[in-house]
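Participant: Counting in my numbering, the sequence shown runs from 129 upward without gaps.
Calculated from the structure, these hints are not laboratory results.
Backbone N, C-alpha and C fix where the C-beta goes; we use that ideal spot for every residue, glycine too.
Please note that a few of the clues may not be correct.
What the hints assert, rightly or not - Okay, the calculated beta carbon distance ranges per label pair: (1) N209 with F278: 35 to 45 Å; (2) P276 with E216: 38 to 48 Å; (3) N415 with V163: 18 to 28 Å; (4) V163 with S367: 19 to 29 Å; (5) A294 with Q269: 47 to 57 Å; (6) V234 with N415: 52 to 62 Å; (7) E361 with A601: 27 to 37 Å.
Claimed, not checked - Subject to a maximum C-alpha distance of 16 Å in a straight line, what follows is the list of computed EDC-like cross-link-like pairs (lysine to aspartate or glutamate): (8) K491 with D444; (9) K491 with E358; (10) K495 with D444; (11) K609 with E594; (12) K491 with E532; (13) K495 with D529; (14) K566 with E532; (15) K491 with E514; (16) K340 with D427; (17) K491 with D529; (18) K609 with E361; (19) K495 with D515; (20) K566 with E361; (21) K491 with D515; (22) K495 with E358; (23) K600 with D575; (24) K382 with D444; (25) K495 with E361.
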Amino acid sequence: MNYKSLIYTALTVLFITSCSDFEEINENPNQPTEVGADVLLTTALRNSVQTTSNEAFLLSNNIAQLSGKALRAEVDNYNWNAFPTLWEGLYGSLTDIESALNISSVSGNEKTQGALLVLKSWIYSQLTNAYGDIPYSSAIQGANAENPDFTPAYDSQEQIYSSLLANLSTATDLLSGSGTILGDILYNGDEAKWIKFANALRLRLLMYQSAKTDVSSAFAAIVNNEPLFEGNEDQAALSFLNAFPNQFPTIPLKQGDFDAVALSSSSHAVLAGYNDPRLSRYARPDNEDFDNPTFSAIDNGVGGQTGSRLGLAYFDYPGQTTAQQLGLNYAEGLMMTYAEQQFLLAEAAALGWINNDVEAHYKSGIKASHDYYQVNYAPYGFSNFEDFYSNSGVAYDEVIDIWEQKWLSLFFSAMEPYFELRRWYVSVGGFESLRFVKEPIGTNYNDYALPMRFLYPGQEQSLNQENYNAAKAQYNGINGKMWILSN
129 MNYKSLIYTA LTVLFITSCS DFEEINENPN QPTEVGADVL LTTALRNSVQ TTSNEAFLLS
189 NNIAQLSGKA LRAEVDNYNW NAFPTLWEGL YGSLTDIESA LNISSVSGNE KTQGALLVLK
249 SWIYSQLTNA YGDIPYSSAI QGANAENPDF TPAYDSQEQI YSSLLANLST ATDLLSGSGT
309 ILGDILYNGD EAKWIKFANA LRLRLLMYQS AKTDVSSAFA AIVNNEPLFE GNEDQAALSF
369 LNAFPNQFPT IPLKQGDFDA VALSSSSHAV LAGYNDPRLS RYARPDNEDF DNPTFSAIDN
429 GVGGQTGSRL GLAYFDYPGQ TTAQQLGLNY AEGLMMTYAE QQFLLAEAAA LGWINNDVEA
489 HYKSGIKASH DYYQVNYAPY GFSNFEDFYS NSGVAYDEVI DIWEQKWLSL FFSAMEPYFE
549 LRRWYVSVGG FESLRFVKEP IGTNYNDYAL PMRFLYPGQE QSLNQENYNA AKAQYNGING
609 KMWILSN
């Protein structure tokens, strides 16, 4: 062996024997090698709510005619694609949740498991209500070394609903157990509020399920025996910060992208018809005068129109009035509100499921929404809420009043504006019987019939083809009725 070979061999041995020491030297003692359940819960909460808040801006508010597309009107004229960012964003958050559930299960932290199970159930409810049958029981198993599944089967929506309701019940038991909820940016570790959220969410799912099965006993049992939201302070509304990446998703948009959505003529007509002061919160006055505001609106499905910009809580325009200047809160990520719960209770009472006062819940729902949006009654000719309720024309008369006021209250509430409009549309047989929305006008790609679902993302066709094809075959594209809607 020559000299160069000897040196090379010695250096090689030295490198091999020193490799482990070298790796130890380069380990950062201040950077953990494993992510805890608290970090994963924080991330899953923030990302999932950012996803649904963004899709409320782009999709559900516009489909429900609370707002409309001033530009790029494909959503309004029903030229729909798969809207894959909803699917990808929510399944991405579910990956974090599954990891956090494993960690908290091993550590025996029951309260964290319960919170994660509520969040998981909320996310899956958004997914199944958007697409129908989806990967559920075998989903998020691709990284499981013991039993990897990279092509999960699609569970039926009926099975998913049954599992979600059972999981929410289990979650309330876990939340009463041992441990502490760390990383909780929704309720700051308050397990009592997570329990209320779980029970309120059960009411929502039962209402959606009621077209398929008698849920009256299950609904009444929750109302009569379980804690529910007691006010706006209990509702599931995620507060954001004023710095990237923890902002409400419309705040950092370019002005042109934010202006692509404007106040809809449907919501404008209802709000203006009642002189409802939420008009100054859902939209920015054209004249920038909040004492004598004027508004304009666009028709859904037309495109190329201009109308009042969305409200101060959702965007700061340079040189114009900001929410902060008026002492108003910036937008939160709404998962489920106290107002929605009250309207659920009002509808259930009207249907005879519970022995509660219909109007009391209905009135409470409107007031909760007004309080949440910090309305100012004076510019609209009222002294306070009681004056508004008695003299505006909103006083309760029939069930469609509950639907109308619930519709208004769902502004930016994740995907619920679309899901609820679809439920009512199917219930009454079309737009013509819903006084608060109208059949879209202009060019339409679905014969003016409200679509029943979103298409599955194309990535499913390429990565999970067999299961994708089986699930897709059940539906007639965007008009296929999922289980909760089918006869």
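Participant: Indicate, hint by hint, whether the structure satisfies it.
Facilitator: Here's how the hints hold up against the structure:
1. N209 with F278: 35 to 45 Å: Given range 35 to 45 Å: violated, Cβ gap about 24 Å.
2. P276 with E216: 38 to 48 Å: Cβ of P276 to Cβ of E216: about 20 Å, so the range 38 to 48 Å is violated.
3. N415 with V163: 18 to 28 Å: Check failed, 50 Å falls outside 18 to 28 Å.
4. V163 with S367: 19 to 29 Å: holds, 23 Å
5. A294 with Q269: 47 to 57 Å: Since the Cβ atoms of A294 and Q269 sit about 20 Å apart, the hinted range of 47 to 57 Å is violated.
6. V234 with N415: 52 to 62 Å: holds, 60 Å
7. E361 with A601: 27 to 37 Å: violated, 47 Å
8. K491 with D444: violated, 32 Å
9. K491 with E358: holds, 14 Å
10. K495 with D444: violated, 27 Å
11. K609 with E594: violated, 21 Å
12. K491 with E532: Distance of about 13 Å is within 16 Å: holds.
13. K495 with D529: holds, 14 Å
14. K566 with E532: Since the Cα atoms of K566 and E532 sit roughly 13 Å apart, the hinted pair holds (cutoff 16 Å).
15. K491 with E514: The hint holds at about 10 Å.
16. K340 with D427: violated, 34 Å
17. K491 with D529: holds, 11 Å
18. K609 with E361: violated, 36 Å
19. K495 with D515: holds, 12 Å
20. K566 with E361: violated, 34 Å
21. K491 with D515: holds, 12 Å
22. K495 with E358: Holds, because 13 Å separates the two Cα atoms, which is no more than 16 Å.
23. K600 with D575: violated, 21 Å
24. K382 with D444: The given pair, whose Cα atoms are some 11 Å apart, holds under the 16 Å limit.
25. K495 with E361: holds, 14 Å
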